[in-house]
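With the sequences and hints as input, model every part of the structure.
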Amino acid sequence: MPSTGKCLTNRSREREGGFIWIARHPHPMHGTAATTEPVPAAIGRTFPALMATSLTGRVVTLPDDAGGDVALIVLVFLESASPMAESWSGPFAGAFTRNPRVTTYLVSVVGDSLIGRSLADQIARGLRGGVPPAKHDTVLTVPGDIEGCRRAYGVDDPSLAYIYLLDGRGIIRWMEKGTATPEGLDTLVEAARGLLEPLAR
Numbered sequence: 008m009p010s011t012g013k014c015l016t017n018r019s020r021e022r023e024g025g026f027i028w029i030a031r032h033p034h035p036m037h038g039t040a041a042t043t044e045p046v047p048a049a050i051g052r053t054f055p056a057l058m059a060t061s062l063t064g065r066v067v068t069l070p071d072d073a074g075g076d077v078a079l080i081v082l083v084f085l086e087s088a089s090p091m092a093e094s095w096s097g098p099f100a101g102a103f104t105r106n107p108r109v110t111t112y113l114v115s116v117v118g119d120s121l122i123g124r125s126l127a128d129q130i131a132r133g134l135r136g137g138v139p140p141a142k143h144d145t146v147l148t149v150p151g152d153i154e155g156c157r158r159a160y161g162v163d164d165p166s167l168a169y170i171y172l173l174d175g176r177g178i179i180r181w182m183e184k185g186t187a188t189p190e191g192l193d194t195l196v197e198a199a200r201g202l203l204e205p206l207a208r
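Numbers in our numbering are just positions in the sequence shown, counted from 1, shifted up by 7.
Hints are computed from structural coordinates only; laboratory data are not their basis.
Please read these numbers as outputs of a predicted model, since none were measured by experiment.
Treat the hints with care, since some could be wrong.
Said to hold, decoys possible - Across the chosen pairs, the derived CB separations fall in these ranges: (1) G75 <-> D163: 25 to 31 angstroms; (2) R105 <-> E154: 36 to 42 angstroms; (3) T188 <-> R108: 21 to 27 angstroms.
What the hints assert, rightly or not - Dumping the calculated EDC-like pairs for lysine to aspartate or glutamate here, alpha-carbon to alpha-carbon at most 20 angstroms: (4) K142 <-> E93; (5) K142 <-> D76; (6) K142 <-> D71; (7) K142 <-> D72.
Yeah, the Cβ is synthetic: ideal placement off N, Cα and C, and Gly gets one too.
What follows is the structure, given as structure tokens:
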């Protein structure tokens, strides 16, 4: 697999107010406890640009390449967070199985080093065995700057999964982290349906 992939962040863009942004009045996340801290990737802001490589070897830039009118991005930094990621992505994708306007992306971030690229290849090989071929373009790895990615996406605890619901313009409309709860899944699906309703008229 090609090793291309990175969180598109740099210090100059941070100084210029690119996508490193701290909310003065933090938006709460939904569905789990203790998730009200301010984060750079904030509700109402454009999802920070991320360039990754899919299981098919295709380079994907999010949010620009997100297909459909609604996209769910589930971001993990450690393989141990994969069950958390699946607790969100599985039920969400299942709720919109027949809707081509909704896309779910699973993104794994690993270090931009020989070890990181090797780990990315291992993750990709493992994922290929458990992911239907039709979904290989939406399972992504990012062998990039881990600390830069953590700052850009408000990742205070890399052992958790981070979830972002985007509208068709790449704006974050809903956020969460950790393991899905029934209440959290309900609010996520409801938020996605709310984004789709105006488009169906």
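Original post:
Which hints, by number, does the structure contradict?
Top reply: none
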